[in-house]
Amino acid sequence: MSFVKLTASALAIAAVSATAASARDQVQVAGSSTVLPYASIVAEAFGENFEFPTPVVESGGSSAGLKRFCEGVGANTIDIANASRAIREREVQICAENGVTDIIEVRIGYDGIVFASDVNGNSFEFTQEDWYKALAAEHFIDGQLVPNQFTTWDQVRADLPNQEIQAFVPGTKHGTREVFEEKVILQGCEDGGFFQAMLDSGVDEDTAEEKCMSLRTDGRSVDIDGDYTETLARIDANKDGIGVFGLSFYENNTNKLQVATMAGVEPTVATISSGEYPVSRPLYFYIKKAHIGVIPGLKEFAEFFVADEIAGPDGPLAQYGLVSDPELGQTQTMVSDEDTIGTNM
Amino acid sequence: MTDATVTQPAAPGGAPKKTSLLKLDQRTRRRNAAEKRFKIYGMIAVGIGLVFLVALLSAIIVNGTNAFTQTFVTMNVTLNEDVLDKNGNRNPADIKKVSTFGYAPLINSALENKVESLGIETLLEDGGDMRAIMSASAAAQLRDYVLGNPDQIGETIEFRFLASSRVDGYLKGRVTRESIARDRNISSAHLLLIDDLKELGVVERVFNWGFITGTDASEARPEQAGIGASMIGSFFMMLVVLCLSLPIGVAASIYLEEFAPQNRFTDIIEVNISNLAAVPSIVFGILGLAAFIQFAHLPQSAPLVGGLVLTLMTLPTIIISTRASLKSVPQSIRDAALGVGASKMQSVFHHVLPLAMPGILTGTIIGLAQALGETAPLLLIGMVGFIASEYPNGIQEGFLDPNSAMPAQIFEWAKRADPAYYERAWGGIIILLLFLMTMNLIAILLRRRFERRW
Numbered sequence: 001m002s003f004v005k006l007t008a009s010a011l012a013i014a015a016v017s018a019t020a021a022s023a024r025d026q027v028q029v030a031g032s033s034t035v036l037p038y039a040s041i042v043a044e045a046f047g048e049n050f051e052f053p054t055p056v057v058e059s060g061g062s063s064a065g066l067k068r069f070c071e072g073v074g075a076n077t078i079d080i081a082n083a084s085r086a087i088r089e090r091e092v093q094i095c096a097e098n099g100v101t102d103i104i105e106v107r108i109g110y111d112g113i114v115f116a117s118d119v120n121g122n123s124f125e126f127t128q129e130d131w132y133k134a135l136a137a138e139h140f141i142d143g144q145l146v147p148n149q150f151t152t153w154d155q156v157r158a159d160l161p162n163q164e165i166q167a168f169v170p171g172t173k174h175g176t177r178e179v180f181e182e183k184v185i186l187q188g189c190e191d192g193g194f195f196q197a198m199l200d201s202g203v204d205e206d207t208a209e210e211k212c213m214s215l216r217t218d219g220r221s222v223d224i225d226g227d228y229t230e231t232l233a234r235i236d237a238n239k240d241g242i243g244v245f246g247l248s249f250y251e252n253n254t255n256k257l258q259v260a261t262m263a264g265v266e267p268t269v270a271t272i273s274s275g276e277y278p279v280s281r282p283l284y285f286y287i288k289k290a291h292i293g294v295i296p297g298l299k300e301f302a303e304f305f306v307a308d309e310i311a312g313p314d315g316p317l318a319q320y321g322l323v324s325d326p327e328l329g330q331t332q333t334m335v336s337d338e339d340t341i342g343t344n345m
Numbered sequence: 001m002t003d004a005t006v007t008q009p010a011a012p013g014g015a016p017k018k019t020s021l022l023k024l025d026q027r028t029r030r031r032n033a034a035e036k037r038f039k040i041y042g043m044i045a046v047g048i049g050l051v052f053l054v055a056l057l058s059a060i061i062v063n064g065t066n067a068f069t070q071t072f073v074t075m076n077v078t079l080n081e082d083v084l085d086k087n088g089n090r091n092p093a094d095i096k097k098v099s100t101f102g103y104a105p106l107i108n109s110a111l112e113n114k115v116e117s118l119g120i121e122t123l124l125e126d127g128g129d130m131r132a133i134m135s136a137s138a139a140a141q142l143r144d145y146v147l148g149n150p151d152q153i154g155e156t157i158e159f160r161f162l163a164s165s166r167v168d169g170y171l172k173g174r175v176t177r178e179s180i181a182r183d184r185n186i187s188s189a190h191l192l193l194i195d196d197l198k199e200l201g202v203v204e205r206v207f208n209w210g211f212i213t214g215t216d217a218s219e220a221r222p223e224q225a226g227i228g229a230s231m232i233g234s235f236f237m238m239l240v241v242l243c244l245s246l247p248i249g250v251a252a253s254i255y256l257e258e259f260a261p262q263n264r265f266t267d268i269i270e271v272n273i274s275n276l277a278a279v280p281s282i283v284f285g286i287l288g289l290a291a292f293i294q295f296a297h298l299p300q301s302a303p304l305v306g307g308l309v310l311t312l313m314t315l316p317t318i319i320i321s322t323r324a325s326l327k328s329v330p331q332s333i334r335d336a337a338l339g340v341g342a343s344k345m346q347s348v349f350h351h352v353l354p355l356a357m358p359g360i361l362t363g364t365i366i367g368l369a370q371a372l373g374e375t376a377p378l379l380l381i382g383m384v385g386f387i388a389s390e391y392p393n394g395i396q397e398g399f400l401d402p403n404s405a406m407p408a409q410i411f412e413w414a415k416r417a418d419p420a421y422y423e424r425a426w427g428g429i430i431i432l433l434l435f436l437m438t439m440n441l442i443a444i445l446l447r448r449r450f451e452r453r454w
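The listed protein sequences correspond, in order, to chains G and F.
Letter by letter, the first sequence follows residues 1 to 345 in UniProt numbering.
Letter by letter, the second sequence follows residues 1 to 454 in UniProt numbering.
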């Protein structure tokens, strides 16, 4: 019977694969969707210039990537996790519990977080305080927490246009959310003196921080769990919307979006690398040291990633929108010496 | 139809009330009106469906056809020996040391020469500035050529390179002077240069085979991306689905239909197979992640795992359609076979199965077509990202090396920042739809050609 033959061959394939599963010849990367474009640019150039196969880069978010990274050591776990935030203490512990003890932290550069609205709409000049006032769930007024009543931007500050408040902010699984909360919302809370006022009225620091960073849930602030394309689509549909984007995404869509200044500074590669533009964050990738020498090409890929011709100010990553790291030289030595997180702290 | 049987009550004390078939009474008129209304509702429903279909197809065609053409720039590149082979010994190891970054200056000067020799006035200073019109893939294309033909070093050879995605968009009308006003990657001086080059035939838009045969590309060069590698991924997945779900599905349904006793146990199995057919596909994805990757340690992103997951999804479809076609074979065929002394198994395999085959094949093809277009379970087993960047080297690699599948690749493209990828996502949909239509067509032909009615 041909059925019998087919089944037998299918089983044989499964058996072969089960034995071959332990061997792997390409580097596997997963993690932040912000780092994904950069990692794929490097992976492509790596595949072109080296004898090794092109590394595989999956997306899914910083936390998801680090979770998979910490699953253990072995060919069926990933070698590199991309993250748009630094690894957390708790994640290092989970890693260690699963046998992933030596982790190399590599900072590839900086990414600007920009606020952009529809290209034909009003233009905005924001401060962090504006964003806190517009999006906080509750305001601290005269020693009382009262729900946020603002509905238009000119209520927040008279200079801003009379436009409905409608913000599309990254969802909690994104690394961008953390930076947004800390560098925009919390900063705005502190700038406006609300944080201090809460402390003065006897609230402890953690609670005050939490109150500062909790966003309103009445529909004026919408969490976007997808990618920036989803945020863009939302703004296309609702012209009053203001979205949070990465600088590189904005630069690829300047025909649809206009960018807002933050604290008087326009986000560009220059203002971000000089630190003038306040909302930026470092991008990282994490290497499993135990895989170096086991997975062919892993170390070469990491060194290639941070090489001047790739991650330097004139390299393809900077051209795509990465703000290159002035301390790239140190990172290069760190990668070639394989310094792990424990040793350089 | 109680209305029809109701007879007119006889008028009290006299002749019955006269009715005529030619003259419609009140009630008949109402019934006729109701029927007419229902027909109109039906036509409206069909009309809405058609409008949606036309809207969908025209959106796909309008947005997607542009992906099948691409802009190319033709120029002569001098393969400078000082740059490419410093020792001059044509040793492949030495030539390989020059990375793609080393090839960029050759392209810059070739571009500058081309513009100069054609006598085009441009606001751009030198080849480095003009470089924005070229794809980043040009250097890689040049390097591949030199590595393949080291004896050509020192010669001047004509190449056709991809133009950058912005230039391509300009020729397709997607990019305009207004839209690039604040674009950092290209300026209107570049567009002026393109206008001139296009007039002289140096820049041209031609059919893009690379889109059908190529591999995925990074976000820095959407112009190079193609769906070929993920097509191969889909092919290997479908092979796994076919080899596993057809024999398992057919064996299970023959047993259940022809041999199994009718009891509570088989009833439960039957109900569960029908339930399984209605389970959302993402559930199979989670199951595949837990069972095949985390438990059985099969490799991530491998078409083998994708195929296994889709097999689980396709099995109920195949079992249900196979049982239906086995059921439609008349009992007299079985009785006749048994009557001339065939065993139960002989009657099934020699008589019932061949007659049911067209139905089984149709069901299988429809199931495969469904699996081919499925994205959700693939998201969970790591098939989305920058995956389909290389063709597999052989059969075994085809099953085991990370690869994407067509629908997953389309999903990935639709997410990317550069608008050129959006166009490619639509183009990918056209290719996927062509595959699905071909498969459905084969299914219909098989049914027409071989199906028997009793």
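Possibly wrong hints are sitting among the right ones.
[To be verified] Calculated lysine-lysine pairs in the PhoX-like style (CA-CA distance at most 20 Å, straight line):
| hint | chain 1 | residue 1 | chain 2 | residue 2 |
| --- | --- | --- | --- | --- |
| 1 | F | 415 | G | 173 |
| 2 | G | 173 | G | 183 |
| 3 | G | 256 | F | 172 |
| 4 | F | 327 | F | 344 |
| 5 | F | 114 | G | 256 |
| 6 | F | 96 | F | 86 |
| 7 | F | 327 | G | 299 |
Just so you know, these hints were derived from the structure itself, not from any lab.
Going through the hints against the structure:
Of the pairs offered as hints, the one joining residue 415 of chain F and residue 173 of chain G holds, with about 17 Å between alpha carbons and a cut-off of 20 Å not exceeded. A C-alpha spacing of about 17 Å is found between residue 173 of chain G and residue 183 of chain G, which places the hinted pair at or below 20 Å, so the restraint holds. In summary, the hint linking residue 256 of chain G to residue 172 of chain F is supported, as the alpha carbons are separated by about 18 Å, within the 20 Å threshold. For the given pair, residue 327 of chain F sits about 16 Å from residue 344 of chain F by alpha-carbon distance, which is consistent with the 20 Å threshold.
With a C-alpha separation of about 34 Å, the suggested pairing of residue 114 of chain F with residue 256 of chain G is violated against the 20 Å cut-off. A distance of roughly 12 Å separates the Cα atoms of residue 96 of chain F and residue 86 of chain F; the hinted pair therefore holds under the 20 Å criterion. With a C-alpha separation of about 61 Å, the suggested pair residue 327 of chain F and residue 299 of chain G falls outside the 20 Å cut-off, and the hint is violated.
Going through the hint list in order, the structure does not satisfy hints 5, 7.
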